[in-house]
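> With the sequences and hints as input, model every part of the structure.
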Amino acid sequence: MVSSGVEVLGTTYSTYVNRVQIALNLKFVDYDYIEENLMSSKSDLLLKSNLVNKKVPVLIHDDKCICESRIIVQYIDETWTSNGYSILPFDSYDRAVPRLWAAYFDDKWIPLWKEVSITEGEAKDAAVARAVEGLFLLDEAFIKISNGKAYFGGESIGYLDIVIGIMVNWIKAREIKANVKLFDKTKTPTLVKWAENFTSNDHVKDVLPSTDKAVEILTRISSRISSSDILLKISLIRSCYISVSIFILHLSSIPEFGSERNQLLCYCAALVAAASLPCLLCCGT
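Under my numbering, residues -7 to 277 are what the sequence shown spells out, in order.
Don't read these hints as lab results, they were simulated from the structure. A couple of the hints might just be wrong.
[As the list claims (entries may be wrong)] Dumping the calculated BS3-like pairs for lysine-lysine here, alpha-carbon to alpha-carbon at most 25 Å: (1) 106 to 177; (2) 136 to 169; (3) 169 to 116.
[What the hints assert, rightly or not] Label-pair distances were calculated between CB atoms; the ranges are: (4) 56 to 135: 20 to 30 Å; (5) 75 to 205: 37 to 47 Å; (6) 197 to 136: 21 to 31 Å.
Glycine is no exception: its CB is placed at the ideal position from the N, C-alpha and C atoms.
What follows is the structure in structure tokens.
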């Protein structure tokens, strides 16, 4: 790899941070990873680097700070061009299409997935149906965009692959935990095959947690939540800016949870596809 004096502020198992890591891998850019513990005090570096919302990921390059994962991926693509790898196409229309579908995934489909994660009974069945319908749209988009190749980006991983792909193993893990089926070979066969290609790619497989690991994380932390008498309630708020509020009660009063607070946040991130999200900690209430 080419040394470039790059730093990434992130937290373990953050899907948004994974986007940045994969983009840097594709460009063969070396970087220093700085772990942020978001369940304790945020570092001065993070607070200074992201003045807008104090969230990860943050890319620091030549003392310049770039925030928001999709913006960072585009910055990486436009900045490191020497190896000839393009994450986004050169044609303006071909660049606009994956950006549109990326916005659809983050703004439209992820809220559907949240509903699958937090609802029960008929409400869950309805949420699953809507989520599968959304994946069907993505399957159709893949057929048009990929031109019969392995990825949304064609023969190699592109922008939309990165945006969507970071969620694949978490979606599969949630399928197992919630006993639902989202990736269905009979309904979205090309998307299922794409998911296999993406997660097995050399630039990706060491970045993402495996499905088994994701299941383990969800199981371990949900078990701790239950055994520690912590009430975790996730409320879905249909807002274009704030989509989720998390209320965690009694967290600070449980000693054995101290070393796993960051993992708890990442468990919540697995539900909302973000490791930096609005949280209210009500301790001892």
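> Look at each hint and say if it fits the structure.
Now the hints, each set against the structure:
| no. | hint | result |
| --- | --- | --- |
| 1 | 106 to 177 | 22 Å, holds |
| 2 | 136 to 169 | 32 Å, violated |
| 3 | 169 to 116 | 13 Å, holds |
| 4 | 56 to 135: 20 to 30 Å | 39 Å, violated |
| 5 | 75 to 205: 37 to 47 Å | 30 Å, violated |
| 6 | 197 to 136: 21 to 31 Å | 27 Å, holds |
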